[in-house]
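*Asks:* Chain by chain, the residues:
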Amino acid sequence: MSSVSSSRVSSSRVSSWGRLSDAEHRVVPITSADAAPGILQASAPGIARGMERSYGDVALNAGGTLWDTRSMNRLLAFDDATGILTVEPGVLLRDIQATFSRQGWMLAVTPGSEIVTVAGAIANDVHGKNHATMGTFADHVVSITLVRTDGEVIVCGPHDEPEGRGWFEATCGGLGLTGLIVQASIRLKRVPGPWLLAEDIPYQSLPEFFELSDASEQSFEHVVSWIDITTGGGRRGILSRANPVPSPHREVPPSATPLGAAKGGITFPVVPPLSLVNSLTLPLLNRAYYRLKRAGAGSKVVHYKPFFYPLDAVEEWNRAYGPRGFYQYQCVLPRATGLESVREILAIVARSGQGSFLGVLKTLGDREPIGMLSFARPGVNLTIDFPNLGRSTLALLASLDAVVSEHGGRLYLAKDARMPVALFEAGYPRLAEFTEYRDPGISSEMSRRLLGS
Amino acid sequence: MPALPSRPGSKPSPWPTDLVVIGATSAIASDCTRLWLEGGASSALLIGRDQVGLDRVATDLRVRFPAARIETSARDLLDVQGIGEAVSAFAGAGTPGAAAGAGLTVLIAHGSMTEQAESQADLAKAAAVLQVTGVSPSLWLEAAVDTMTAGTIAVLGSVAGDRGRRKNYIYGASKGLIERMAEGLQHRTAGSPLRVVLVKPGPTATPMTAGLPQKGLAPVSAVAAEIVAGVNAGRPVVYAPAKWLLIMAVVRSIPRVVFNRLDF
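Keeping their order, the protein sequence lines are chains A and B. Under our numbering, the first residue of the first sequence is numbered 1, with each subsequent residue one higher. Under our numbering, the first residue of the second sequence is numbered 454, with each subsequent residue one higher.
The set of hints was computed from the structure by calculation and includes no laboratory data. Predicted model, so just to flag it, every value in this text is computed and none were measured. Careful, some of the hints might be misleading.
Said to hold, decoys possible - Calculated lysine to any residue pairs in the SDA-like style (CA-CA distance at most 25 Å, straight line): (1) B/Lys620 x B/Ala574; (2) A/Lys263 x B/Pro694; (3) A/Lys263 x A/Pro253; (4) B/Lys620 x B/Ala520; (5) B/Lys668 x A/Asp22; (6) B/Lys668 x A/Leu274; (7) A/Lys189 x B/Ala520; (8) B/Lys696 x A/Val314; (9) A/Lys263 x B/Lys620; (10) A/Lys293 x A/Pro283; (11) A/Lys263 x B/Gly687; (12) B/Lys668 x A/Lys293; (13) A/Lys263 x B/Asn685.
Bound-form chain B, shown alone (with noise of 0.2 Å):
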């Protein structure tokens, strides 16, 4: 199916007034954090991996925002168990009488980039790749639409996601899974208050990519801004920079039998 850029005539979401980022310690979700406190969010709850990351990422929204409250949350983002917990803490328990989740946005962004060359060698490896990167965020996703009532989830996907490609189909195909999960969220929760976002950043000038040609690649600033703009406004799809659209889009029709000649 074709990716809208927008839905024409839909009202631009109210900017959040919390948050919830999982994977909060990524160059992405921690620029997207700073932008949307910097617009007004007064509160932010950091979950990931790794304290001592996470500890970084909060003292220095504390020190740009002195009036906010953040808070951090250390966990196992593949423990089953814990995600429906996690989720139920942070959103389930709302304001009395007013909708789960409202003025609430949640940033799923955890994943891991593992070379392709790699995890082709090594089942166990692929496997990581495809629980880190697709699976758990799934299940976050799922999770949270099955907790919220209103508000904004959005979910980092990747252009990776949208073709398979020789050079790196493992980690295409754990973005594609959730893809196809946040769109039949987004047909299940149609016409409520809820919203789901899918998010696909371009390659990025991260320190993942640090050592890659730095032609071509958007700098995380402006794939932040994007996003932060695209998921406030709740456009289902949201490619980072925008050109990934048009670039994708021509990407996606290219004829399998030229495709599998060309070497990209």
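Only chain A is shown next, with the shape it has when bound in the complex (with noise of 0.2 Å):
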């Protein structure tokens, strides 16, 4: 019931996905990409932010400006016999998904979550369930449009030599830290349909997870695995593997329609007191859903979304955790020594009695990305949520980020809120070459911890 001018912009709070803060922001909106030289230029240092699903500090700027493209979510071109994908930088995946599967294209790669922004998912760089087969987002993208804060306007694209190439890889990962994509193209890719044939294995031992994994790869181009993290050293999961499949004649679930998605479906309606998810809960969390997935293990014809995006389906999940918010922790661990080493992590995650019910252990394909700080790399996964209890969640974290450092693996910054510098640093080579191209009318709260402005 409030009336205010499209020129004044006054403070709001603003949390990312894992509400570890809720501090004051000046959101100034971005409306078209014409508009975008001039208000950068006014209203610059700032970062731009999305749907704030990152968990961490990447997308905040306490007590300073958000870029708002969340309104920037016009499609401006499609080519039916290329499948390239223009659009504007707040189109959400969901959008893309719903409008394009129907006419035999989806995106290529797609992260776990489809409530994010072209720009989102270019500047983290996503990846997905298939990047053995098809790398990160950054694979497929074909020109990337980015507006500096000193007015210039820069389009890069992969194929260009060298400068434009050297923008686009430090853009596709980049954290925003460029400069603010206001147009972007991508190429979709051919699909039957929006329908999976999906398969639940459950698996008992690590060994024999790398094992399902690696053969599964062989035949299936979606692999992922969900871990108890409760039983030390990782002795029960469920491997989930899909391939696109033709299927006219089923019914797409209503969620699945515009108008049902745009209604939105159930939300966690409350922020509890305490998180949920705590020490007395966590085994039983586990227990549960491995029993209700062995149950239901073999192979189904299931609609994308279900497969794709199981924690969509709940809107603000998150809440689950408190009002003290929850950090992500996910590594990437060369897999030569993968196996001890996610042995190692899940031990010492067992042993501390902290953790959740979401475990994702899963192998990344042999290739390495294009983005300067992308993050997924050959090796092998594993992603926990905490609960925030304060010092004594930090203390395990930093405890499995010795692990990492020692096998010489790096954390996923989308996901972070907390790493040292020297972990970042260690994880991530390309960091010299990258901050060549910041621009320094942006920071974020995550530039200013990690790269020190």
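Please assemble the complex out of the two chains, which come individually in their own frames, going by the hints.
*Replies:* Here you go:
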């Protein structure tokens, strides 16, 4: 019931997905590519924000400016012959999937939530369950238009030589620090429709996981696994694998139609005073989930939504961790010592009694990413959520850092809110190259924490 | 008069085949247009002040719905002469034999938000708000009802029109004007195939409200979905999101002596 002029910008509290902070920000809407240079020049320094689905501080700027591109959600062109789609930065992956899956096209790479923007997917160079075959999001980006805070406009792509390619590699996975993305062209992938033939297979040990995962990657595009992190060493988990499949006569679930998606589904209703995930509930939740999945093991045709985006079904599920929020720890460890390092981490986590029922174990394909600061690289990826219990959680995460560091792994910046600078620098060898491309008028909490400005 | 959320027993209207959207570049209007085309509407005429903005919306719709016919028309929405001409152009020339407006849904969505303090301090600004947000949409509504004999005409009011508050009564008065117009036109068209729908969005997260505390602002996609469902069903009054029906029933019923002491 408030009225506000479009020129006036006031303060607003903003949290990222981990809900670890709730600071005031000056939110400045960017409504068109033409208006962006003027707005940036007038309001820098700042950082772009999308749907705030990153877990840590990559898109936070406490007390400062956030450039909000969410209303730039228009599709600009689609070429039916090549599958190249040109969009504004705030278009949601959900919108692309719903609009094009019926026409036989989908995103080649999608992360575990579709409620993220295209620009956010580029800036964090996200990956999905098909990393072995399709790489990361950036592998399917054809062109990016960037606006710098001095007003300069840069168009870059992966095949530009050499200057454009530098901008492209810095911007993909570049945490929004090279300029504001105002337009992108991405190549969609031909699919038979919105359906997948999916299969869940229980496993009882880490060696079994690796064997099963490697075998699955030979014949399945999508492979991922849930692991029970309470069993100390990964004694049980469920591997899920799937391939696109034609299934023309099935009814699309209501939540997958644009009207259904717009209406939204179930929302986690309140922030409970304490995390619902705690040392009492944790083993129970994990055991229950394992038994549920084991009981339903086998092959079935599923819509892409429950397979790709199971957590999107409950909006604001991050509230379940209570008012103090949570950390997501996501690392990639070299494959050579993957078994030992994953075992070590799981042992430490089980001993601590912390963690959650979100444990994801997956192998990443043998390909180096395009982006200078992209996360996905050959190895094994382990992801665990931890309710924030304060110092004890930070101490636990520091002991996990030691394992990651010892084995030459790295942490995912899109999920991070606390990694030490040394671990960041060791994990991202192209950092020095990246800093050449930074926009001096762009700064986030993460860039100040890890890059010093 | 307390607003009823729906007319019990009324039949849901068929999905529109043609759309006309006035103020088509607004976030709520463009999301509604997408949903209508998604559901099977085959054409949309986008009317607004700014050709560049209209082209942006039209391009998006053409990419999404390659089979639909998308047209734009940039015009001065305050030009009284032009309103009648525009309305007879889109609603007057129907299929011979069919009622004017059959299968057509018109959404009148334009308006402007100006900071209350600014329009309070400057009569010219107050006049502009009243004109753009109140008088002009009311005249488009009048012209559409005069021309159409079937179909649906929806107009965006606001929860702000339900009761005058010191923080936004000039904007609220404009929306209140729309409400009385819609109410009278509903009375006038009662029993005819033509339906008039008053839509009252609550605070919505749009570029206009990006600087406000985001807590409590409804996502524009959810508001649009509520509007499309309510307009299709031909409900006389659609609160979007629906919870505002209850909230505003309470707000309207607060005795003046209490209300005037509240700071909101």
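*Asks:* Next step is simple, just say for each hint if it's right about the structure.
*Replies:* How the hints compare with the structure:
For the hint pairing lysine 620 of chain B with alanine 574 of chain B, the CA-to-CA distance comes to about 13 Å; that is within 25 Å, so the pair holds. Note on lysine 263 of chain A and proline 694 of chain B: the hinted pairing holds, with a Cα-Cα distance of about 10 Å set against a maximum of 25 Å. A hinted pair counts as satisfied when its Cα atoms are at most 25 Å apart, and lysine 263 of chain A with proline 253 of chain A qualifies at roughly 13 Å. Among the hinted pairs, lysine 620 of chain B with alanine 520 of chain B is inconsistent with the structure: their alpha-carbon atoms are about 45 Å apart, more than 25 Å.
At most 25 Å may separate the alpha-carbon atoms for a hinted pair to count; lysine 668 of chain B and aspartate 22 of chain A meet this at roughly 12 Å. This hinted pair checks out: lysine 668 of chain B and leucine 274 of chain A have alpha carbons roughly 21 Å apart, not beyond 25 Å. Distance restraint check for lysine 189 of chain A and alanine 520 of chain B: the Cα-Cα separation of roughly 22 Å lies within the 25 Å cut-off, and the hinted pair is therefore satisfied. Using a Cα cut-off of 25 Å, the hinted pair lysine 696 of chain B and valine 314 of chain A holds, with the two alpha carbons roughly 20 Å apart.
For the hint pairing lysine 263 of chain A with lysine 620 of chain B, the CA-to-CA distance comes to about 30 Å; that exceeds 25 Å, so the pair is violated. Simply put, lysine 293 of chain A and proline 283 of chain A have alpha-carbon atoms about 15 Å apart, close enough for the 25 Å limit, and the pair holds. Between the alpha carbons of lysine 263 of chain A and glycine 687 of chain B the distance comes to roughly 18 Å, so the proposed pair stays at or under 25 Å and holds. Annotation: proposed proximity of lysine 668 of chain B to lysine 293 of chain A is violated, straight-line Cα distance about 36 Å (limit 25 Å).
A distance of roughly 15 Å separates the Cα atoms of lysine 263 of chain A and asparagine 685 of chain B; the hinted pair therefore holds under the 25 Å criterion.
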